[in-house]
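Undergrad: Could you build the full structure based on these sequences and the hints that come with them?
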Amino acid sequence: MKSYSYEPERVCSKQINFDVADDGTLHNVKFTGGCPGNLVAISRLVEGRDAKKIAELLRGNPCGARGTSCADQFSIAINELVH
Numbered sequence: 712m713k714s715y716s717y718e719p720e721r722v723c724s725k726q727i728n729f730d731v732a733d734d735g736t737l738h739n740v741k742f743t744g745g746c747p748g749n750l751v752a753i754s755r756l757v758e759g760r761d762a763k764k765i766a767e768l769l770r771g772n773p774c775g776a777r778g779t780s781c782a783d784q785f786s787i788a789i790n791e792l793v794h
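First residue of the sequence shown: 712, per my numbering; consecutive thereafter.
Rather than coming from a laboratory, the hints here were simulated on the basis of the structure. Keep in mind that a hint or two might mislead.
Unchecked claim - Simulated crosslink set (DSS-like; lysine-lysine; CA at most 30 Å straight-line):
{"id": "1", "residue 1": "K713", "residue 2": "K725"}
{"id": "2", "residue 1": "K763", "residue 2": "K725"}
{"id": "3", "residue 1": "K713", "residue 2": "K764"}
{"id": "4", "residue 1": "K764", "residue 2": "K741"}
{"id": "5", "residue 1": "K713", "residue 2": "K741"}
{"id": "6", "residue 1": "K763", "residue 2": "K713"}
{"id": "7", "residue 1": "K725", "residue 2": "K764"}
{"id": "8", "residue 1": "K763", "residue 2": "K741"}
{"id": "9", "residue 1": "K741", "residue 2": "K725"}
TA: As structure tokens, this is what we get:
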């Protein structure tokens, strides 16, 4: 299992920590900062799911005029680790 820590840009969340198992599934996703209800929900929904599929699903999801979101930043973090 690989552990990863990512510092997102232009969003309220300050850090995203997660693990990717040898089979490519996501585990232990934790966002620091941001909207707790939404980010805890994302963490629960992606637990045990294929990292590449989750990155595709979350990519490009905007938050207001920022042009990105915590979910989009998470997809960037996943892509940096698994590609």
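Undergrad: Hints first: check each against the structure and report whether it holds.
TA: Going down the list of hints, with the structure as the test:
1. K713 - K725: Distance ~20 Å between K713 and K725 Cα, so the pair holds.
2. K763 - K725: 22 Å, holds
3. K713 - K764: Roughly 17 Å separates the two Cα atoms, so the pair holds.
4. K764 - K741: Distance ~18 Å between K764 and K741 Cα, so the pair holds.
5. K713 - K741: Holds, at roughly 15 Å.
6. K763 - K713: 14 Å, holds
7. K725 - K764: OK: K725 and K764 at ~24 Å, within 30 Å.
8. K763 - K741: The hint holds at about 18 Å.
9. K741 - K725: Holds, at roughly 11 Å.
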